[in-house]
Amino acid sequence: MTPLSTAVNAAVPTAVNRPAPAPRPMDSTAIEKELTALWRAEAEANRQAGATQPLSRTLLHTLIIVAPDHAAADQARAIATALSPRQPARTIVLELNPAAEATLNAAVSLTGVTLPGGAAAVCGEQISLIAGSPNAARRLTGAVLPLLLTNVPSFVWWMQGSPMAHPLLRDLAPVLDRLIVDSFTFAALDRDLAALRRAIADPHFLPIVSDLAWARLAPWRYQTAQIFDAAGTRPYLQRLRQAEVRYMAGPSGLAGLFAGWLAERLGWKLAVRDGEAMRFAGGQVLRFKPVRAIAGVAAGYFAGVTLTADDGSEFEVSRHGSTCTVTHQRRGDLQTERVVPLRLESATEWLGHELGRLSPVPTYEAALRLLTAASAPEPEIVG
Amino acid sequence: MVATATANPLREGLQVERMPEPNSVVIFGASGDLTKRKLVPALYNLELEGLLPNGFGVVGFARRPIPDEEFRQQMLDGINNFSRNKPAQPDVWESFSQKLHYCPGNFDDPAAYQRLAETLNKLDAEHGTAGNRLFYLATAPEYFPVILQQLGAAGLNESPAGGWVHVIIEKPFGRDLATALELNRTVQGVFREDQIYRIDHYLGKETVQNILVFRFANGIFEPLWNRNYIDHVQITVSEAVGVEGRGGYYETAGVIRDMIQNHMLQLLTLVAMEPPGSFDGNAVRDEKVKVLRALRPINPKEVDRSVVRGQYTAGTVGGKPVAGYRQEKGVAPASTTETFMALKLHLDSWRWAGVPFYLRSGKALPKRSTEIAIQFKQVPLSLFDRGANAEAVEPNLLVLNIQPDEGISLRFTSKLPGATVQVRPVNMDFRYGTSFGVPTPEAYERLILDCMLGEAALFTRDDEVEAAWTFINRILEGWGQTKTTALPGYEAGTWGPAEANAFIEAEGRRWRRL
Chain A
0 MTPLSTAVNA AVPTAVNRPA PAPRPMDSTA IEKELTALWR AEAEANRQAG
50 ATQPLSRTLL HTLIIVAPDH AAADQARAIA TALSPRQPAR TIVLELNPAA
100 EATLNAAVSL TGVTLPGGAA AVCGEQISLI AGSPNAARRL TGAVLPLLLT
150 NVPSFVWWMQ GSPMAHPLLR DLAPVLDRLI VDSFTFAALD RDLAALRRAI
200 ADPHFLPIVS DLAWARLAPW RYQTAQIFDA AGTRPYLQRL RQAEVRYMAG
250 PSGLAGLFAG WLAERLGWKL AVRDGEAMRF AGGQVLRFKP VRAIAGVAAG
300 YFAGVTLTAD DGSEFEVSRH GSTCTVTHQR RGDLQTERVV PLRLESATEW
350 LGHELGRLSP VPTYEAALRL LTAASAPEPE IVG
Chain B
0 MVATATANPL REGLQVERMP EPNSVVIFGA SGDLTKRKLV PALYNLELEG
50 LLPNGFGVVG FARRPIPDEE FRQQMLDGIN NFSRNKPAQP DVWESFSQKL
100 HYCPGNFDDP AAYQRLAETL NKLDAEHGTA GNRLFYLATA PEYFPVILQQ
150 LGAAGLNESP AGGWVHVIIE KPFGRDLATA LELNRTVQGV FREDQIYRID
200 HYLGKETVQN ILVFRFANGI FEPLWNRNYI DHVQITVSEA VGVEGRGGYY
250 ETAGVIRDMI QNHMLQLLTL VAMEPPGSFD GNAVRDEKVK VLRALRPINP
300 KEVDRSVVRG QYTAGTVGGK PVAGYRQEKG VAPASTTETF MALKLHLDSW
350 RWAGVPFYLR SGKALPKRST EIAIQFKQVP LSLFDRGANA EAVEPNLLVL
400 NIQPDEGISL RFTSKLPGAT VQVRPVNMDF RYGTSFGVPT PEAYERLILD
450 CMLGEAALFT RDDEVEAAWT FINRILEGWG QTKTTALPGY EAGTWGPAEA
500 NAFIEAEGRR WRRL
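In order, the protein sequence lines correspond to chains A and B. Heads up: the first sequence begins at 0 in numbering that gives the first Met the number 0, then just goes up one per residue. Heads up: the second sequence begins at 0 in numbering that gives the first Met the number 0, then just goes up one per residue.
The following block holds chain B by itself, in its conformation from the complex (with noise of 0.2 Å):
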């Protein structure tokens, strides 16, 4: 083995082989929550890990004056509160805080942005960061175009060392496909698409990655995966917690900005997506959008035949009283703003031509959870459902539950014991949790190290933002031709409004009883 200039030949056979190049990372809104709850504890978990670089600092910019040292500081409790390595190893957050620099400044002041760059110019010098840079928009979204804006202005957009510069986008990614468009606008007249990590932390989940190995790093589902073999697919992810204070965000978004459009189109993509030629960022992320171009069209004229809407009135989760949406904080009394939402979706392709998807979401329902059903279609003769004990035999049903149960389980027939036949249906699970006594990584530390080695697969790309959005403005555009005052009701607790039952079972279905 001979050393060369351009490849590292210690690092071959460890078992991480490949280490971010040193790099220095800015996020904007580093007063809020995000940034103490999840980000930083990311960071410290991943130099706690040994997946850092040597060369590495943190720059947190936000409006407020306050010192290195508070900033530090705060995100010491953060760590200390929310890092899922808690509380900080002292000697190690000796020298990591030392990383940690606080840059103040209003998003909009061109000043901030030439302090920003000195700042980052010392970190090159000082921890040898090597002029690559990773900003964060951690902010509210409104201030995304501008900062990004200054950024191009004050040519932050390039390495002044011929290095990399990416930038992660926190969701929401526009509010409808006129602003997406906007904002994709915006961001790539100053970043290349290739600089530019769109994130959507429901891609960093160990579970939701387990989708592809489940399905890619097994022979045996994939000749089954089509229309031949699947009657239909349920996709649910139910939060059991109301708006709980976030009034005044939920009025602008509603269940299916907050949840459909992003999350729960991604669970789509990748279990309706063909197999991609490579794990590499665009291979994938091709497979993807042509997903979500295979989605049939809503005719906004008639999105009542395909989508339900509910918003949850007074109720009881879980044993404990809850308010009706109306009465939260923040909530306008007559809001018409969706909680709960179900649609049925179909998707033009060879593969899953006739397979409905049923997607439903929705805030304040019995219980917490997110799962892909896989229904397979029915025996095409039952050979065991006759006589005076006769029982129907049940179709196959495969499960991905993403959370809180991490797993896969397999609904298959089985005889009972005894001399008759009967036979009922048994599960065969496999659990995460009872399978593996350790914790899995954070999604964000996943995606954050993705993003500084440069690799996109689980960031969406420009164009399935486009896609995506173009299906649910449609959705959009028929809500607001149809002038509504009340939406159907559903009491907090319950699993939707009535609506919702009558407009699957009208197909021969049944929601799934989670």
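Just chain A, with the same shape it has in the complex (with noise of 0.2 Å):
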């Protein structure tokens, strides 16, 4: 499991979960009466307090998480507290944690800010339902459905590995606007991928399927794309003959996904992938390689790319601790270097990301389109 942080833009003030009575058994009806009752809490403490705007109710989206331990539980409530500011919602965390009680266990709270100037906003609810038991974990989906939010979209984020065999998402699935998953913690990444695939192309799978490695990649995408911006490197685009994708010894699948990215807006049509390289139909070749992983930055991490033009001109985006720099060399001399920060690298700011969006994501089935077809075909998933 990838550590996440609950880490979230300075600017924006730290959201904090009120604290909640210990899980017991509850239905749906117990659940929505608690709710009530804490937002009236709420709403008298806000006006004892003297409080001068009105608690507003403001929920975008229904996110349900399913976590598979209850360490994993623990952060998805945390980065779910830390993402209520920006996108207020109600939470359902199902934590399937065989080591619980064999009941189904629900627990409820409210998260919220103290803006400045000592106002309160309540932000999100969030509803933990624990499934101490495969027995229990079955009556997840019955346990689910009355507590989505209506009108407003439904999705699911799956924290680790694929979920594309699981009754669960089977279950759900046909009330989900969007699933996204993870694929950089995927157990077996080609064969993952290609079940991503297939799911993305099955016309009777409805969400809309998204992946927080997009997201991860997110910054490298735009910094990339961002140097063929000015109109004097643009024509540059058609002159890559070289491509070195590099990422954080480890796993490899942030850096595959990059590349499929990346040849698949250029046009570039592969012909032949081994492990470390693919090389396309218009001789260009497109390496992979492992570098030394830095503190404070995990394996498997994106770490940069250098494009190389057939005049030997040299484009590079580079990690260097919490910042890139982004440099254009014309054969050999520094044209220009320029430093960004980087996005905090926090599941919250992933999440975030991938939550800010309700349509497809083109760009992304592409380039999942390109690197599955180069992969070795794999026997077909059940799901």
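Don't read these hints as lab results, they were simulated from the structure. Errors might be hidden in some of the hints.
[Unchecked claim] Calculated pairs, SDA-like style, for lysine to any residue (alpha carbon to alpha carbon, straight line, at most 25 Å):
{"no.": "1", "chain 1": "B", "residue 1": "414", "chain 2": "A", "residue 2": "55"}
{"no.": "2", "chain 1": "B", "residue 1": "85", "chain 2": "A", "residue 2": "39"}
{"no.": "3", "chain 1": "A", "residue 1": "32", "chain 2": "B", "residue 2": "426"}
{"no.": "4", "chain 1": "A", "residue 1": "32", "chain 2": "B", "residue 2": "414"}
{"no.": "5", "chain 1": "B", "residue 1": "328", "chain 2": "B", "residue 2": "352"}
{"no.": "6", "chain 1": "B", "residue 1": "414", "chain 2": "A", "residue 2": "39"}
{"no.": "7", "chain 1": "B", "residue 1": "121", "chain 2": "A", "residue 2": "326"}
{"no.": "8", "chain 1": "A", "residue 1": "268", "chain 2": "B", "residue 2": "10"}
{"no.": "9", "chain 1": "B", "residue 1": "35", "chain 2": "A", "residue 2": "338"}
{"no.": "10", "chain 1": "B", "residue 1": "300", "chain 2": "B", "residue 2": "504"}
{"no.": "11", "chain 1": "A", "residue 1": "32", "chain 2": "A", "residue 2": "60"}
{"no.": "12", "chain 1": "B", "residue 1": "482", "chain 2": "B", "residue 2": "329"}
{"no.": "13", "chain 1": "B", "residue 1": "414", "chain 2": "A", "residue 2": "46"}
{"no.": "14", "chain 1": "B", "residue 1": "414", "chain 2": "B", "residue 2": "229"}
{"no.": "15", "chain 1": "B", "residue 1": "366", "chain 2": "A", "residue 2": "45"}
{"no.": "16", "chain 1": "B", "residue 1": "366", "chain 2": "B", "residue 2": "414"}
{"no.": "17", "chain 1": "B", "residue 1": "85", "chain 2": "A", "residue 2": "321"}
{"no.": "18", "chain 1": "B", "residue 1": "35", "chain 2": "A", "residue 2": "45"}
[Stated by the list, open to error] Some but not every residue of chain A turned toward chain B, in silico, with C-beta under 8 Å:
{"no.": "19", "residue": "57"}
{"no.": "20", "residue": "226"}
{"no.": "21", "residue": "264"}
{"no.": "22", "residue": "268"}
{"no.": "23", "residue": "279"}
{"no.": "24", "residue": "338"}
{"no.": "25", "residue": "358"}
{"no.": "26", "residue": "361"}
Predicted, not measured: the structure shown is a model, and the values here were computed from it. Backbone N, C-alpha and C fix where the C-beta goes; we use that ideal spot for every residue, glycine too.
With the hints as a guide, bring both chains together as one complex.
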């Protein structure tokens, strides 16, 4: 499991989770009643504190987070809390916890922030459903469905591994607007990506699929694209011959997804792929290069890309701690260099990125198609 | 997907699909407060957000000769004190500060503009700014003409590399119709209209832009947004502060030039305009200008029938004593400059015929507030205001709050709990502040970025400025024809002179109590 951070942008007030009573057996009616009572108590506290603004309940969506164990569920709650000021929501954390009691227990709370000036804002509702046995897990769908907010979208974030063969996803899929996976956590990358691609292509699989790995790469795709915004560099897009995609020694999934995006966007037609390189019909070559990990950056994280044109000009985006450097060299002479801040690398940021849009992501789907076409065929996954 | 020479295929699908082309920003008036407090912090925040291009540079232009390093230090102080993201992030500042340069010179000195041109050419070569230029006129308005003329004379109104050149002009844009026309002629003598961006920072505020989203991204309000359902509209921009040492400026402006002609007429256009065909700059502005042209002209001889002026006297605002306007520094002891104004407008259009718009604005009022209140008509037959415990049914009210508590509230009538039918108005509130716990970007960030992108919807076009001044000018004419020795006074900390209340109450309506 990748360590997840709950820190958010410094300009955003830090949200806190209001204390919740211990989990206990509750049905959906009891959960809604308890939430109503919490809102009433919050409104009363707000009034007694002399607040000048009334409380608003503005919930943008229901976010279901499927956590594989108790520790992951704690992380999920912290992430949802941190995200709530920007994207107020009802979050339902499904904790699959074989170590818990055999019953299906629930806990509810509100999350909020204290704004500059002392006003309180309630930004979210959190419901934890803890399934302590396979039998209880089978009841999760029935417990979740009545808790989905009406009129606003429903998302699932599957925190770890591929959900494609999981019965819970099969049951929830018809009511979901979006399934968010994290291919960085996939156990069998090629097989799991292929299953994901099949789901996207399947007209009976309704949710739009998105991937936190895609969000992890967003700043890198952005900086790479920006190099070629200038009229002077734009023509080089057709003259690129080599690409070196670097990643912190470890899993190569992020580097692969970036390579899939780059090649697809540039219109490069894949000819051959081996472990370390992709060769394209136009003679272009894309190499993967693991680099020594640097402190504070996890194995497998993206490290940079160097693009070389037919005249030897190089365009590079490279990680340096919390910033990245964007350089352009023409035949060995440094033309421009710029240091730009990297957005905080945290699941809160990535999840916020993916929750920010409702429509499909054609560029992701195209990158995935290119990437999976380059992989050896895998047996079909039931799902 | 195939790479072409015209589009950047790598940008497709990114959250920010449009990035400004490389450019350099020249700020005239670089030693002023606006540069330090707003403009450079806005550029720094755009850099932090990754919204500036790789090829970018800033040139501060002002009279005082100081080295680049001192200018950078001043700007760093500005960011550390006034930016919404502060203090500056050291490694980002280190890289960003290298793009800040300073060019000293008098605004009327042709040699200074030659030096500026050389500096810009150097930036093109060293920072890859590609000949695209944004000139920001952040000086006192008396310098606008000479700067514009000198820019033209130095050939800086065209890019040397076939790129774009845009010019942002701060308010006030003229002080009456004649001076606005003259300034339009001056600026258009040097720049084409599509190069000119007249800024009104009110339009960069998120909640002001949200007026258009609220009206045109929701289907339920637009059918009601007309004379059939709306009784009247009140627009208020109240300030709790007095002139606070800026008496010299205020004496030349008054509330009519400081607030009404620009900010308030802009709010009026957004609330009253027809749906544009697109969010394209000219489509939006075409509709806005139609509103201004539909303003029924006020007869200068009868200006007092539509307008009330006032001037604050000593009083107390928020528990603190406030001196009277005439006692402020820089204010003439017998000044007749208005610090409060209320006016009634009519729009001669099918949508708004017969619906009065009441505008009021002033200084030293009880609180700071900007809002647009749309009061709907009374129900045609009241079923619930009979009997001994009867309460009058209040008409519905929709309030768009701009500041300080951004949001929207709808007043409707509800039954009180109990066996009898007692009805009361209740408010349904949506508040940005307690709905989203995040700060919104500064208006200047949005507007500068829009100008770099060539998106003009949130800037004022020449015909808008002229239409607004044409309306305002008749009020100024009317005031000019009546010799006034003293305006109706109002004690600081009250809602304007008694005449303002009498003015609206004569029509059976009341100002909203804020």
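How the hints compare with the structure:
For a cut-off of 25 Å, the pair hint linking residue 414/B to residue 55/A stands: about 21 Å separates their Cα positions. As the CA atoms of residue 85/B and residue 39/A are separated by approximately 37 Å, the hinted pair breaks the 25 Å bound. Distance hint between residue 32/A and residue 426/B is fulfilled; the C-alpha atoms sit about 24 Å from each other, no more than 25 Å. For the hint pairing residue 32/A with residue 414/B, the CA-to-CA distance comes to about 24 Å; that is within 25 Å, so the pair holds.
This hinted pair does not check out: residue 328/B and residue 352/B have alpha carbons roughly 44 Å apart, beyond 25 Å. Restraint check for residue 414/B and residue 39/A: the C-alpha separation of about 20 Å stays at or below 25 Å, so the hint holds. For the suggested pair residue 121/B and residue 326/A, the alpha carbons sit about 19 Å apart, so the restraint of at most 25 Å is met. Note on residue 268/A and residue 10/B: the hinted pairing holds, with a Cα-Cα distance of about 19 Å set against a maximum of 25 Å.
Between the alpha carbons of residue 35/B and residue 338/A the distance comes to roughly 23 Å, so the proposed pair stays at or under 25 Å and holds. Simply put, residue 300/B and residue 504/B have alpha-carbon atoms about 22 Å apart, close enough for the 25 Å limit, and the pair holds. Simply put, residue 32/A and residue 60/A have alpha-carbon atoms about 20 Å apart, close enough for the 25 Å limit, and the pair holds. Distance restraint check for residue 482/B and residue 329/B: the Cα-Cα separation of roughly 22 Å lies within the 25 Å cut-off, and the hinted pair is therefore satisfied.
At most 25 Å may separate the alpha-carbon atoms for a hinted pair to count; residue 414/B and residue 46/A meet this at roughly 22 Å. With a CA separation close to 23 Å, the supplied pair residue 414/B and residue 229/B stays within the 25 Å bound. Distance hint between residue 366/B and residue 45/A is fulfilled; the C-alpha atoms sit about 22 Å from each other, no more than 25 Å. For a cut-off of 25 Å, the pair hint linking residue 366/B to residue 414/B is broken: about 32 Å separates their Cα positions.
Of the pairs offered as hints, the one joining residue 85/B and residue 321/A holds, with about 17 Å between alpha carbons and a cut-off of 25 Å not exceeded. Taken as a hint, the residue 35/B and residue 45/A pair is broken in the structure, with Cα atoms around 38 Å apart against an allowance of 25 Å. Satisfaction of the interface hint for residue 57/A is found here, the shortest Cβ-Cβ separation to chain B being roughly 4 Å, below the 8 Å cut-off. Taken as an interface hint, residue 226/A checks out: its beta carbon lies about 7 Å from the nearest beta carbon of chain B, inside 8 Å.
With its C-beta approaching chain B no nearer than about 5 Å, residue 264/A sits inside the 8 Å limit, and its interface hint holds. Given the 8 Å rule on beta carbons, the hint for residue 268/A is violated: about 10 Å separates it from the nearest Cβ of chain B. Taking 8 Å as the C-beta contact cut-off toward chain B, the hint placing residue 279/A at the interface is violated, the least distance being around 13 Å. At a threshold of 8 Å, the smallest CB-CB gap from residue 338/A to chain B is about 4 Å, leaving the interface hint in force.
Hint on residue 358/A is violated. Least Cβ distance to chain B is approximately 10 Å, over the 8 Å limit. Taking 8 Å as the C-beta cut-off, the interface hint given for residue 361/A holds, the closest approach to chain B being about 6 Å.
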